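Chemist: The lines below spell out each chain.
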Amino acid sequence: MKYLDEYRDPALARRLLEELRRTATRPWQIMEVCGGQTHTLVRQGIDELLPAGMRMVHGPGCPVCVTPLETLDRAMAIAARPGVTLASFGDMLRVPGSDTDLLSLRARGADVRVVYSPMEAVRLAVLHPDREVVFLAVGFETTAPANAMAVLHASRLGLRNFSVLVSHVLVPPAMTALLDDPDCEVEAFLAAGHVCAVMGCSAYEPIATRYRVPIVVTGFEPLDLLEGILMTVRQLEAGRAEVENQYARAVRRDGNIAARSIVEHVFRVTDRTWRGIGPLPESGLGLRPEFADYDAALRHKVEDLHPAEDPQCLAGSILTGAALPVDCPAYGTRCTPRHPLGAPMVSAEGTCAAFHAAGRTRSPL
Amino acid sequence: MSSCPNPHEEHERVLLGHGAGGRLTAELLESLLLPAVGGFPAGPPEGPLEDAAPLPGRPELVMSTDGFVVHPLFFPGGDIGSLAVHGTVNDLAVMGARPLALSVALVIEEGLPLSELRSVAGSLGKAAREAEVPVVTGDTKVVGRGAADKIFITTTGIGTRIPGLAPSAARARPGDAVLLSGPIGLHGTAVLSTREGLGFEADIASDSRPLHRLVEALAPVGARLHTLRDPTRGGLAATLNEIARDSGVAVEIDESALPVPGPVAAACDLLGLDPLHVANEGCMVAFVAPSAAEAALAAMRSRAEGTGAVRIGEATAGPAGRVLLRTLVGARRVVDMPVGEQLPRIC
Chain U
1 MKYLDEYRDP
11 ALARRLLEEL
21 RRTATRPWQI
31 MEVCGGQTHT
41 LVRQGIDELL
51 PAGMRMVHGP
61 GCPVCVTPLE
71 TLDRAMAIAA
81 RPGVTLASFG
91 DMLRVPGSDT
101 DLLSLRARGA
111 DVRVVYSPME
121 AVRLAVLHPD
131 REVVFLAVGF
141 ETTAPANAMA
151 VLHASRLGLR
161 NFSVLVSHVL
171 VPPAMTALLD
181 DPDCEVEAFL
191 AAGHVCAVMG
201 CSAYEPIATR
211 YRVPIVVTGF
221 EPLDLLEGIL
231 MTVRQLEAGR
241 AEVENQYARA
251 VRRDGNIAAR
261 SIVEHVFRVT
271 DRTWRGIGPL
281 PESGLGLRPE
291 FADYDAALRH
301 KVEDLHPAED
311 PQCLAGSILT
321 GAALPVDCPA
331 YGTRCTPRHP
341 LGAPMVSAEG
351 TCAAFHAAGR
361 TRSPL
Chain S
1001 MSSCPNPHEE
1011 HERVLLGHGA
1021 GGRLTAELLE
1031 SLLLPAVGGF
1041 PAGPPEGPLE
1051 DAAPLPGRPE
1061 LVMSTDGFVV
1071 HPLFFPGGDI
1081 GSLAVHGTVN
1091 DLAVMGARPL
1101 ALSVALVIEE
1111 GLPLSELRSV
1121 AGSLGKAARE
1131 AEVPVVTGDT
1141 KVVGRGAADK
1151 IFITTTGIGT
1161 RIPGLAPSAA
1171 RARPGDAVLL
1181 SGPIGLHGTA
1191 VLSTREGLGF
1201 EADIASDSRP
1211 LHRLVEALAP
1221 VGARLHTLRD
1231 PTRGGLAATL
1241 NEIARDSGVA
1251 VEIDESALPV
1261 PGPVAAACDL
1271 LGLDPLHVAN
1281 EGCMVAFVAP
1291 SAAEAALAAM
1301 RSRAEGTGAV
1311 RIGEATAGPA
1321 GRVLLRTLVG
1331 ARRVVDMPVG
1341 EQLPRIC
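Chains as they are written, first to last, in my numbering: chain U, 1 to 365; chain S, 1001 to 1347.
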C-alpha cells in the first residue's frame, strides 16, 4: 500500500503548503468541482491551512446531490409498486425525496437493494425473472460507462425485466453555466480526476481559453489536492489560463477511448435539470432511442409527480459555491445527516455532509 | 453538534441503521428501549452504558449479553460461532473481568444444511475451549424459512473482576494516554468484502479474537487503568465519542498514529467508508493515567493480541464529549459519531 502512503506524506504536505504560501500574493478563489475532492479538503482541513484570504469554493460535483427531486420521487413511486425491485448505490438510498427516502420505503416493505455495480442489478434481473428490476442510474461521466455496459449486457441477454432510470449529468456544461453567471467569483478550477480519466481533458481546453480560467485536472489524495492548488495558483500568478494535468498517473488527454465509445453507443447528450441549480442545456446523458425498451421512465410511467423542496434548504447556493453550509440557518439544527433537508447533507460526496462529518460549525474549533 | 434524541413518531419504522451502533442506535436506546426496560424502581438505568454490568449486590460479578446476526456466516478470519464467543468474552474483559461461563441461544432457520450448523457449532466450541470458558447452558429454536437469516446466536456471559481493575467508560480523565491494541477496520471490511464479493478477501481477515488475556496482562496497572473498550459496531469513532461523553472529557487523536492496514485503507477509499467507523472484533482502546502509559503499552505488547499496540492520542479537559483528530497535514477536525449504516458511495 505504498501507493496510498506516497500521497499522504505529512512532511511533503507541509512543504507544499509552504511553497503555496510563498507563491500566492493575492487571495485567489478556486473551485474544486468534485464532491470527492471537497471531502478530502474538509476531512484533512486543507482548506483551513491555505494562505490568508485564499478560498476553496465547493462545487456541484456530487452526483447524488444534483439528482433532481423529480427523479427521486419517480424512483420511489416505482419502487413502491408490487413486483418491482429497485437497485442503486448505497448513498442514493438515504436522499430525501418530497415525502420519504428509499431506505424508509424499504422498511415499509418495498424491495430496495444496495448494489456495488450496475452489473449486479442485471444479475438480479437474471436471477428473478418474475420481478421487474429497475436500476437508478445516476452520476457524472465517471459512472456512465458501467451503466452503459449494463444496458448493453441486458440487451444482449434479451432481458425483458430490466430497465434503468437514467439521470446522468456532465461536468463541462455545469462549469460554463457557473462561469456565465455574472456573480461568479471563481478564478480557477480543480477538475475532477476520475471524470477526466474517462472523458479526457480536451473538453476543458475551450473553457480555459474562452473564460481565461486556469483548470488543473486533480486527483483525490491530500497531496494531489495540495499540488493541484499550487499548480493553479502558479498559473493565476503568472496570468496563464491553461489546462494542466496534476493527475497524470490516471488521466490521458483523450481519456479512456473504449469507455467513451460504449457511452456514446448507449447514451446521447440531452438537456438535464440539476437539483438545486435548475435546467442546463445539453448537460446530461439519456438513453438513445434504440435502447428505449430499457428506459424505466417509459416502462413504469408515473403520473402526478409534485416534487417540493424544503423551502429552507440552500442546496442550490451550496452547490454553486455561492454559500457555505454554515451559512444555512438549518445547518446542524433542522438539517443533519439524521434528518437531512437536502441532498448535500446526505451523500458521502455532499458539501454539507462533509462539513458536518468534520464537525464544522459557525465558530472555528 | 450533538442534539437531543428526536422522539420517535409512531408511524416511523425500525431502519437497518438503528442497529449499526451509531447515533441512530443511541437514539433508539435512549428514547425507546431503556425507558421501557430500565428501572428498579421505575426509570431508565443510571450511569454510563457499558459493555457489561455488575450484578446488583455482587459488584465482583459482571454479566453481558450479545446477539450475533452476521452475514455471511463464514468470513476470512472467523465465523459466526467463534465471533459469538469472542464478542461476549470481550464485553466482559473490557469491564476488567475474567469470563466464568457462557450461555448460548441458537435461532436456526429451517433448511440450514446440517453441515453448516456443525461447522458453526464446532467453531463456537473450539473458541470457548481456547478462551477457557465453559458453555454451561443454552437453548435451540428452529423458525420457518425466511423468519431468520440462516442462524442467529445470542451468547450471555458471566465473569469475575480481576482484583484491582475497575475500568469504566465514565472514568477517563484529562491527561490520560489513549492506547490502541492493534490495527482497525479489519473485521468490518473483511465481512463486507466477503458478503459483496469485492475481492479484498485475499488481503483482509477479521481480527476476531478473545481479549481477556490482554486485559489480564494489564492487571499490574491497577486503578490507573481508567477505561477499556472494544470498538465493535460504529468503530473507533463511536467508541471514543461514547467514552468522551460518559467521562465528560475531550479526546484528541493523531491520524498519523492510527494503525490502518493498507488493504483496509484501500477498501474504505473505494467504498467511501471511514476506517474510524468500521467495526472491529479484536482490538481494544485503553485510557490510562499518564504515569502508567508506558507500562500499559509494554504490557499490551507482551501479548500476541497486542504486539501492534500504539499510543494514538490523549484525553483533554474539554469541551466535554468532543473527539478531535489531528490530520496528516496538521489541521484538526471533529470525529463525529456515525449516524447509521455505512453506505457505499456512488463513485
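Quick caveat, the hints were computed from the structure, so don't treat them as lab data. These numbers come from a predicted model, not from an experiment. Accuracy of the hints is not assured; some may be wrong.
[Claimed, not checked] Here are some of the chain S residues that sit facing chain U, going by a computed Cβ distance under 8 Å: (1) L1198; (2) G1330; (3) R1332.
Backbone N, C-alpha and C define an ideal beta-carbon position, used for all residues, glycine too.
Chemist: If a hint holds in the structure, say so; if it does not, say that too.
Modeler: Quick rundown of the hints versus the structure:
Below 8 Å, beta-carbon pairs count as interface contacts, and S:L1198 has one with chain U at about 7 Å; its hint therefore holds. A hinted interface residue such as S:G1330 counts as satisfied when its beta carbon comes closer than 8 Å to some beta carbon of chain U; here the least separation is about 7 Å, so the hint holds. The closest approach between the C-beta of S:R1332 and any C-beta of chain U is roughly 6 Å, which is under the 8 Å cut-off, so the hint is satisfied.
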